[in-house]
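J.: What follows is each chain in one-letter form.
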Amino acid sequence: MSEFIPVGPITDFADPSSTLVEVDDESVALIHAAGSFYALDDVCTHDGGPLSDGPLHEDENPPAIACPRHGAKFALTTGAALTMPATQPTRVHEVKVEDGQVLVKLTV
Amino acid sequence: MTTAISNTTKFDAAGFEALLAERAGEPAWLTERRKVSWQAFEAANWPSSKDEEWMRTDIRLFKLDAFKPTAGVPVAIAGEQPLLSHGVDLGGRVESVNGAATLSELDGEIIAKGVVFGSLSEAVTQHGDRLQKAFDREVVSPTYDRFAMLNDACWTGGVVLYVPKGVRIEKPLHAVSRLSGAGATDMTKTIVVLEEGAEATLLMESASTDAESAGLHNGTIEIVVGRGAKLRYVNLQNWNNRTWHFAHQKAVVGKEAQLQWTIGALGARLAKVNQRVALAGADAEAQVNGVMFTQGKQHLCYNTHQHHEAPYCRSDLLYKNALQDSSRTVWRGMIQVDEAGQRTDAYQRNDNLMLAATARADSIPGLEIEADDVRCTHGSTSGRVDDTMIYYAMSRGYTRQEAVRMIVTGFFQQVFDRITIDSVREALGEAIGQRVQDLPNQ
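Quick note, the sequences are listed as chains A and B, same order. Using the UniProt record's numbering, the first residue of the first sequence is number 1, and each one after it goes up by one. Using the UniProt record's numbering, the first residue of the second sequence is number 1, and each one after it goes up by one.
For reference, chain A alone in the conformation it holds in the complex (with noise of 0.2 angstroms):
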């Protein structure tokens, strides 16, 4: 069972950035944008690239982050697979925020 995890002070997280995060040995993007964070698997589906390197696109309906590598897009809110090449979703994980601090809680 999967608790949150403490991850760092919301001062180490700009808006908008996209982080990567270490949660119980796995790499997680976590976003900050439009005052929102999201945490993802740092994983693109199609090609295993690093998510958390790639532009985002917040301003987008629904809000995005892209794969450096070969552009892929995914949704922040769901992690569906918004273009091609990648057809998977990728893992989307819980966050809250509190005393300051951003938690991540891994979906199993």
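Be a bit skeptical, because a hint or two may be false.
What the hints assert, rightly or not - Derived pair list, reagent style DSS-like, types lysine-lysine, alpha-carbon separation capped at 27 angstroms:
| hint | chain 1 | residue 1 | chain 2 | residue 2 |
| --- | --- | --- | --- | --- |
| 1 | B | Lys35 | B | Lys10 |
| 2 | B | Lys113 | B | Lys230 |
| 3 | B | Lys230 | B | Lys171 |
| 4 | A | Lys96 | B | Lys297 |
| 5 | B | Lys171 | B | Lys113 |
| 6 | B | Lys297 | A | Lys105 |
| 7 | B | Lys165 | B | Lys113 |
| 8 | B | Lys255 | B | Lys133 |
| 9 | A | Lys105 | B | Lys63 |
To be verified - So the derived label-pair ranges between C-beta atoms look like this:
| hint | chain 1 | residue 1 | chain 2 | residue 2 | range |
| --- | --- | --- | --- | --- | --- |
| 10 | B | Asp129 | A | Leu20 | 45 to 51 angstroms |
| 11 | A | Gly8 | B | Ala21 | 34 to 40 angstroms |
| 12 | A | Val97 | B | Ala13 | 37 to 43 angstroms |
Keep in mind the hints are simulated off the structure, nothing from the lab. Where a beta carbon is used, it is the ideal one built from N, C-alpha and C, also for glycine.
Here the structure of chain A is known, so what remains is to put chain B in place on it, guided by the hints.
T.: Chain B alone, transformed into the frame defined by chain A:
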């Protein structure tokens, strides 16, 4: 039970100076070599996913500061019985804990033949000038990448095997490296030299003393098989699943020489291994066997390279991988034939058995051929357990789980059949059999 780890040192300038001070008995050429490699290490960057070789292996979570250089006096730790030496009449054995030698034994009659087998750390202080030639040969380039630089600067412990011309060692030799405690490091070098017409069998394995402590292995293996010599070499990587494993391994096989190299890869959180074989003399032969079984979130990446530099050489590589859970394997194989490598006969194959839909296997075979009279073939397969085979076994009275276990065991049999050392075949079979026993219903 204590370990040889200092609590304060790190892999930084002060830690490196402390390591040099502790190894003041080493020959001057080696100290100088360490300094050059350390400077190169400090100036270099870690590999990243932008590098072709690393684009499928993500090491951004690897933090060197979490690990400590080996220091102090080694203390033997009672680990589990090694797998490969069980029931074997050994000619010699070497044990190390956290990169520090704790045991070195060799039969008197083998010593009398001029064979050297033991800790490389001890050997360089006793026979430093004789070993300089082996270091200078740079079978593994110390500047290949930042891991190679770090190893060349900070290595400790290690194993050396030297077999003089025409000497044949009947009994296998065995070495085991253990990691003990959180932040422990095994930064070792292995140097094996068989002179012309020599024969030997070397079994090496690794193990962690507990399942939870995060460890680091960053090692190199350099093998030279002289003209007409025969080496059977086995390397079983069996760290716990919290260990980072980085390795550069290369064998140079001389004229009419034979090498049988078997790799078992069962442990490690993440492994990135470069395994290279150079067929440097005419009529040389190399057989490479690989067995991997991954589970949980393990990521094992093996880059293999069969380099045919001379004519009439044969190389035959077979890697068999079974993957569970959300584990991942990456195999990148290359057969390279130089223009001089006419009449080459080379083969490489990688088979992957997917035991879960969430596992992933990347197989990337490749050929680079400059000669015009060769036979080079390669193959790769990936698939799930065949439902028809399960159905057939169940129609014969087996349960589904028994059928799956039997099919997985059979999958590995092809590579077991190639291994000519009974104890190795049994040890690998037992280690994999244990994991197969734990397989859930498919």
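J.: All hints are to be evaluated individually against the structure, with a verdict given for each.
T.: Here is what the structure says about each hint:
1. Lys35/B <-> Lys10/B: Holds: Lys35/B and Lys10/B sit about 16 angstroms apart, inside 27 angstroms.
2. Lys113/B <-> Lys230/B: Holds. Lys113/B to Lys230/B sits at ~17 angstroms (cutoff 27 angstroms).
3. Lys230/B <-> Lys171/B: holds (14 angstroms)
4. Lys96/A <-> Lys297/B: holds (25 angstroms)
5. Lys171/B <-> Lys113/B: The hint holds at about 13 angstroms.
6. Lys297/B <-> Lys105/A: Given that 27 angstroms is the threshold and the Cα spacing comes to 17 angstroms, the pair holds.
7. Lys165/B <-> Lys113/B: holds (10 angstroms)
8. Lys255/B <-> Lys133/B: OK: Lys255/B and Lys133/B at ~20 angstroms, within 27 angstroms.
9. Lys105/A <-> Lys63/B: holds (23 angstroms)
10. Asp129/B <-> Leu20/A: 45 to 51 angstroms: Holds, since Asp129/B and Leu20/A (Cβ atoms, about 48 angstroms apart) stay within the stated range.
11. Gly8/A <-> Ala21/B: 34 to 40 angstroms: holds (37 angstroms)
12. Val97/A <-> Ala13/B: 37 to 43 angstroms: Roughly 39 angstroms apart at Cβ, these two residues keep to the hinted range, so it holds.
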